[in-house]
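Visitor: Okay, here's what each chain looks like letter by letter:
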Amino acid sequence: MKYALFLGCTIPVRAQNYELSARAVAKELGIEFEDLVDFGCCAYPVRSASERAAIVFAARNLAVAEEKGLEICTLCSACTATLTEVNEHLKADENARKEVNEHLKKVGREYRGTARVRHLARILYEDVGTDTIKSKRKIDLSSLILAPHYGCHYLKPSKVYGHFDSPENPRTLSELIAATGANVAPNIPNSCCGGAILGVNADITLAMAKTKLDSALSSKVDAVVSICPFCSVIFEDNQKKVEAKFEKEYGVPVLFYPQVLGLALGIDEKELGFRMNKVKPKELLAKVSTEAA
Amino acid sequence: MENEKTDQDYTLVNELNQDFKYDVSKQPGGENIKYCFACGTCTASCPVRAIDAKYNPRKIIRMCLLGMKERVLASDFIWLCSNCYTCQERCPQDVGITEVMNVLKNMAVREGHLNPTILRQVRQIASKGRLFDVDEFDNARRKKMGLPPLKDGCEEVRRIFELTGADRYVEE
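If you read the sequences in order, they're chains A and B. The letter at position 133 of the first sequence is residue 133 when you use the working numbering, and the numbering goes up by one with no holes. Whatever position you read off the second sequence (first residue = 1), add 293 for the working numbering.
Quick caveat, the hints were computed from the structure, so don't treat them as lab data. Built from N, CA and C at the ideal position, the CB exists for glycine as well. Just to be clear, a hint being listed does not mean it is correct.
Reference excerpt, derived from the structure (chain A facing chain B, CB under 8 Å, subset only) [unchecked claim]:
hint, residue
1, CYS41
2, ARG47
3, ALA49
4, GLU51
5, ALA53
6, LYS138
7, ILE139
8, SER142
9, PRO186
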């Protein structure tokens, strides 16, 4: 199992706890990552200004992976959707492919449509499998209640993902959480974090985040489990702002799934980047270390 | 008088652009806009609309079909779509609403209405190839964590902006 690891923009400078934990669990589960230095921004933010440029931009990333003959493993859901949508569009439309390649030729690249793109959570679900995760589990997380937050682009637009999970009633992340031994709380509802419009209208985004944090609070969860850096930036980095705006205390930890999986696999919490979490999951880690003892 | 309305408050028939819906439907992603039968599933499902009534996808599509080109393209509200695809997944007429919103944003940009926040992001990507700068400090920090270095700047990306003509939208 070898993949080109696509980090995108946010993770390698703002969410290294996601990157560290993803690399650590991959190693433990026999997944090999290759880092390709020529990967850039996936093109997501460019789409609203110029879809035409964004398509070439995304195709360049796909071409970089194709040159190595590798499938792309993404960690960010927005990267996953952008690269997958462009890949599926270009595979199906010969004229669009020709136009893109005329541009790419001038920067020394060629898009052929041979690289697959999948999110790490999907790879864990499909290629590693929950049975393998269960069999490699070293620490019991049954004292924890965790709420999956699927976000949007891990599942949607569902037409480009071959309907591997339901956009209305998703279950893959819930099953991955259950495989760690933790209790799965109901999904955080109406899953959009509002991250895409944080810079356009922060008031709306913070109000959207509030509805999700309210749900986490009422389910009495130990943490929300995210698989996208955008969602985590909204729920975790902006949680203080939500608290100030709505005069309500939350203190809800937001963990990346590989951090949770890493704990279950018995990986040292230092290697999973917990100290970089903004809402400190102290109580949760204390519960886990009691289990381990 | 406090309640006096001006032309700005009304839709004037002679301002409507009958070609607008055809222009939208010619763009990749806008093809199905004319199938909308205004059921409102999009608006009822929208997580942004649930917070702020300023954003109303059914109304925006209706405005497009009526030909209210200027009011749509110069508006603030098209930039409030959070691209979550919930409306698109649920639309019984396959209007492709999220994609239509993106088409409208692209058309607005061509008319000179690029949202300032998005403009800053796109400028940054056009010049550096990434949304966030990666400097020596970042790479030193990554090295300390045992993470591989990132490349700062990308000539290929700059060139793609020129080749596709998108550079003219981000000129300072």
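Visitor: Against each hint, give a clear statement of whether it holds in the structure.
Guide: Here is how each hint holds up against the structure:
This hint holds: CYS41/A has a C-beta 5 Å from the nearest C-beta of chain B, less than the 8 Å allowed. Proximity of ARG47/A to chain B holds as hinted, the smallest CB-CB distance being about 6 Å (cut-off 8 Å). The beta carbon of ALA49/A is positioned within 8 Å of a beta carbon in chain B (closest approach about 5 Å), and the interface hint is therefore held. This hint holds: GLU51/A has a C-beta 6 Å from the nearest C-beta of chain B, less than the 8 Å allowed.
For the restraint placing ALA53/A at the interface with chain B, the shortest Cβ-Cβ distance is roughly 4 Å, inside the 8 Å limit, so the hint holds. A hinted interface residue such as LYS138/A counts as satisfied when its beta carbon comes closer than 8 Å to some beta carbon of chain B; here the least separation is about 22 Å, so the hint is violated. Hint status for ILE139/A: violated, given a least beta-carbon distance of 23 Å to chain B, over 8 Å. At a threshold of 8 Å, the smallest CB-CB gap from SER142/A to chain B is about 31 Å, leaving the interface hint violated.
The criterion of a C-beta within 8 Å of any C-beta in chain B is not met by PRO186/A, whose closest approach is roughly 17 Å, and the hint is violated.
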